[in-house]
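A.B. asks: Input sequences plus hints: build the corresponding full structure.
There are 2 protein chains.
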Amino acid sequence: MAITATHSAAETGTPGSASPSFGPAVALSCRECGERYPLGPVFACEQCFGPLEVAYEFSGVTRESIAAGPRSIWRYAGLLPVPADVAAKPNLAPGLTKLVRADNLARELGMRALHVKDDSGNPTHSFKDRVVAIALEAARTFGFTTLSCSSTGNLAGAVGAAAARAGLRACVFIPTGLEPGKVVMAAVYGGQLIAIDGSYDDVNRFCSELIGDPAGEGWGFVNVNLRPYYAEGSKTLAYEIAEQLDWRLPDQLVIPIASGSQLTKVDKGLRELIALGLVEEKPYKIFGAQATGCSPVATAYKAGREVIQPVKPDTIAKSLAIGNPADAPYVLDIARRTGGAVEDVSDPEIVDAIKLLARTEGIFAETAGGVTLGVLRKLLAAGTLDPDAETVVLNTGDGLKTLDAVGAGVTATIKPSLDAFLEAGLVR
Amino acid sequence: MAITATHSAAETGTPGSASPSFGPAVALSCRECGERYPLGPVFACEQCFGPLEVAYEFSGVTRESIAAGPRSIWRYAGLLPVPADVAAKPNLAPGLTKLVRADNLARELGMRALHVKDDSGNPTHSFKDRVVAIALEAARTFGFTTLSCSSTGNLAGAVGAAAARAGLRACVFIPTGLEPGKVVMAAVYGGQLIAIDGSYDDVNRFCSELIGDPAGEGWGFVNVNLRPYYAEGSKTLAYEIAEQLDWRLPDQLVIPIASGSQLTKVDKGLRELIALGLVEEKPYKIFGAQATGCSPVATAYKAGREVIQPVKPDTIAKSLAIGNPADAPYVLDIARRTGGAVEDVSDPEIVDAIKLLARTEGIFAETAGGVTLGVLRKLLAAGTLDPDAETVVLNTGDGLKTLDAVGAGVTATIKPSLDAFLEAGLVR
Chain A
1 MAITATHSAA
11 ETGTPGSASP
21 SFGPAVALSC
31 RECGERYPLG
41 PVFACEQCFG
51 PLEVAYEFSG
61 VTRESIAAGP
71 RSIWRYAGLL
81 PVPADVAAKP
91 NLAPGLTKLV
101 RADNLARELG
111 MRALHVKDDS
121 GNPTHSFKDR
131 VVAIALEAAR
141 TFGFTTLSCS
151 STGNLAGAVG
161 AAAARAGLRA
171 CVFIPTGLEP
181 GKVVMAAVYG
191 GQLIAIDGSY
201 DDVNRFCSEL
211 IGDPAGEGWG
221 FVNVNLRPYY
231 AEGSKTLAYE
241 IAEQLDWRLP
251 DQLVIPIASG
261 SQLTKVDKGL
271 RELIALGLVE
281 EKPYKIFGAQ
291 ATGCSPVATA
301 YKAGREVIQP
311 VKPDTIAKSL
321 AIGNPADAPY
331 VLDIARRTGG
341 AVEDVSDPEI
351 VDAIKLLART
361 EGIFAETAGG
371 VTLGVLRKLL
381 AAGTLDPDAE
391 TVVLNTGDGL
401 KTLDAVGAGV
411 TATIKPSLDA
421 FLEAGLVR
Chain B
1 MAITATHSAA
11 ETGTPGSASP
21 SFGPAVALSC
31 RECGERYPLG
41 PVFACEQCFG
51 PLEVAYEFSG
61 VTRESIAAGP
71 RSIWRYAGLL
81 PVPADVAAKP
91 NLAPGLTKLV
101 RADNLARELG
111 MRALHVKDDS
121 GNPTHSFKDR
131 VVAIALEAAR
141 TFGFTTLSCS
151 STGNLAGAVG
161 AAAARAGLRA
171 CVFIPTGLEP
181 GKVVMAAVYG
191 GQLIAIDGSY
201 DDVNRFCSEL
211 IGDPAGEGWG
221 FVNVNLRPYY
231 AEGSKTLAYE
241 IAEQLDWRLP
251 DQLVIPIASG
261 SQLTKVDKGL
271 RELIALGLVE
281 EKPYKIFGAQ
291 ATGCSPVATA
301 YKAGREVIQP
311 VKPDTIAKSL
321 AIGNPADAPY
331 VLDIARRTGG
341 AVEDVSDPEI
351 VDAIKLLART
361 EGIFAETAGG
371 VTLGVLRKLL
381 AAGTLDPDAE
391 TVVLNTGDGL
401 KTLDAVGAGV
411 TATIKPSLDA
421 FLEAGLVR
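Here the protein sequences line up with chains A and B, keeping their order.
Residue 378 in the numbering used here is what sits at position 378 of the first sequence, and the numbering runs on without skipping anything.
Residue 37 in the numbering used here is what sits at position 37 of the second sequence, and the numbering runs on without skipping anything.
Take the hints with a grain of salt, since some may be wrong.
Since the list gives no way to pick out one identical chain from another, each pair is judged satisfied if it fits inside one copy or across any two copies.
Using 35 Å as the maximum straight-line C-alpha spacing, the simulated DSBU-like pairs for lysine-lysine come out as follows [to be verified]:
(1) K312 to K282
(2) K302 to K282
(3) K282 to K415
(4) K415 to K312
(5) K378 to K89
(6) K268 to K312
(7) K378 to K302
(8) K268 to K415
(9) K302 to K312
(10) K268 to K302
Hints in this document: simulated from the structure, not taken from any laboratory.
The structure presented is a predicted model; accordingly, all values stated were derived computationally and were not measured.
C.D. replies: Next comes the structure, spelled out in structure tokens:
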């Protein structure tokens, strides 16, 4: 299997011609040198080894056509590398999660207008269902029979579930030491779940090795050889936020950084909406959030550097524990270009933020959600984030998957009698 | 606080006159003797101690008015004891969860048309968000400042989250020995979480005691003194199923039994839809599902009895572990009247069914979902359930809350090298 693109190997058409299998997508394009390739299962430029991304020729997408679509990410099929009939094929139909107007939280933080985009409402309770749904469709088109990935946990569950429903085999790779919720959820769908004795970055390297080996033949690695398609799924967060704000862009967005792909693609989605006239053009600021225990991008941002120094992660925010994030340069560029920032918070700050969100809005976020809200607080305190500007903070996962991080439990255990209750002094 | 209804104590109007606070609801009515009471925080008839339920005078509800409503249970506000503006008040906006067309599962079971109503998509990932949302609104109307409940786990989380978002205090009671996912989720929202050393039935008795004590003054127990309102929330499952089937009733429904209230109210909802002309009248069969380790209703059903013998629960399906289900007589009546049945499955059958659903449809159910699917299989095998009739099976909760029941884990742990992977013989 080709790792870099070769014009002859990809057989799905010539660059620049739309294929019904990929809807409005017309080519893969190198982010670094701009070289274009036909739409194939490739992810790196053969000229410069830069990452490939999907290029489009959009047509006929209006607010009305979107509103008439399914109640899932497939309402945006006309903006994604998927066929028009994608919703009819077996898939988990993720997306259209709640954008919660967080007035209690805003009041506590002294903000004017704050929304939580709560992706714990997705089928496997993380934003990964979005990206996997797009990769699954590409896998079907390319004839792959096994769906695979390297994962910090959430992706493993999303791939397992999507493959089960689509009738594909799943074989997913995770680092050892993940949370029980993520491990069981990744295993329950019946695919193979392989723990790799090492960090996520080790798992990632292993997968790149496997993909070049005959043993990986016929395998669609959603975040490796299907990555250009997969990554586009994060654009749907931008589309949904804008549509849920009645086709308006927020002023500020706070987005977690793992590989950095999500942040990069949310920005791409917002720019597409402006270019297509679906929203009025206006400035917006994008803020990136990391855990201090894995903050190579925040470190580079603060030092004014354009490249990051890889780190060995040590944080409770395991879903963000990628020490060498592939999209770091783009994240740094977006934060700087939009007037945002990249910041990090400590593990105790993450837990505090999880509890704050639960207490004020009844939303139980996973550690990654604690990272974004923690960073929002920190940036507010520093005056970097404007409390009067309309802000969206992302919760990309579910607290049920990171139970141990929170340390919440019963107030008291008592005998089943009124006397015992009254004696315990619990009445307020 | 009055436990039974007294006409003088309830001050919200005379029976039969609509109050804006309760929308189309006009009175409480005794299920046993028919005596009517004004809408108040009462739950038992002072004449015969029978349970009270909400009586309505519906008007102006059409398919079109529902379709124009919010994307939550509040689209059915005109059929619930809530004010017309209920959606505008801080709440979790539950409901409109997916009705998944389960073709893979149907194929494996030899069925023609099977759907899974997947309530793991609710904000706290169980159907309890529906009932709590209605109870919360009643609590606000009655001026209660603390939201409380006895819970087998899911309800505790739903009450905690709803109270947090609404700005009420929460104090919830659970039996000891619940799953960690349920305990942490119930605690994280910041309310008091009291474990009672005993069974759920002990917790329930304790709460009835507390409600009559001055210490419980100002407390709304969602499933005790607010129970008539709370229980109505389950009707929304019936409404959604019918609407998601394009305003058609299914032929068969498989519903879990804890207190039996959910099954009873789904039937009530279906009958309302017929009476209002929102669906065409047709016969439907309702099947009740219990775990063998807590199957008093199934036992009574099989013995042809009309009253149950309370049991001491011993099952992994803790959310259904109610040994003395309050609505048992109504469940038995509905199963017999509609031509359904009540059946039970063992713990291993529950786990098998959880894995079957995950493997075929990518849905990770909690143990209660394993109970309904397990019972469906058993009834199919017995010829009691028609494989050719359109069937809906309920998944009322989330597998992430009952992780230990499943026992799924990694296939293998290997060193991060291709050689280690190939040597492990994992390639298929």
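A.B. asks: Does each hint hold? Answer for all of them.
C.D. replies: Here is what the structure says about each hint:
Taking CA atoms no more than 35 Å apart as the test, K312 paired with K282 passes in neither setting, with 38 Å inside one copy and 63 Å between copies. In this assembly of identical chains, K302 and K282 lie within 35 Å of each other by CA distance solely inside one copy; the values are 26 Å within and 67 Å between copies. In this homomeric assembly, K282 and K415 never come within 35 Å of each other (Cα to Cα): the closest approach is 60 Å inside a single copy and 50 Å across copies. In this assembly of identical chains, K415 and K312 lie within 35 Å of each other by CA distance solely across copies; the values are 18 Å between and 48 Å within a copy.
Taking the shortest alpha-carbon separations for K378 and K89, only the inter-copy value of 30 Å comes in at or below 35 Å, while the best intra-copy value is 44 Å. For the homomeric pair K268 and K312, the shortest alpha-carbon distance inside one copy (29 Å) is at most 35 Å, but the shortest distance between copies (58 Å) is not. For the identical chains of this complex, K378 and K302 are intra-copy neighbours only, at 14 Å inside a copy versus 62 Å across copies, given an alpha-carbon limit of 35 Å. For the identical chains of this complex, K268 and K415 are neighbours neither inside a copy (57 Å) nor across copies (37 Å), given an alpha-carbon limit of 35 Å.
Taking the closest pair of Cα atoms, K302 and K312 come within 35 Å of each other only inside a single copy of the chain (19 Å); across copies the shortest separation is 61 Å, beyond that limit. Taking identical chains as interchangeable, the C-alpha atoms of K268 and K302 lie at most 35 Å apart only when both belong to the same chain, with a minimum of 24 Å there against 61 Å between chains.
Going down the numbered hints, you'll see the structure goes against 1, 3 and 8, while the others check out.
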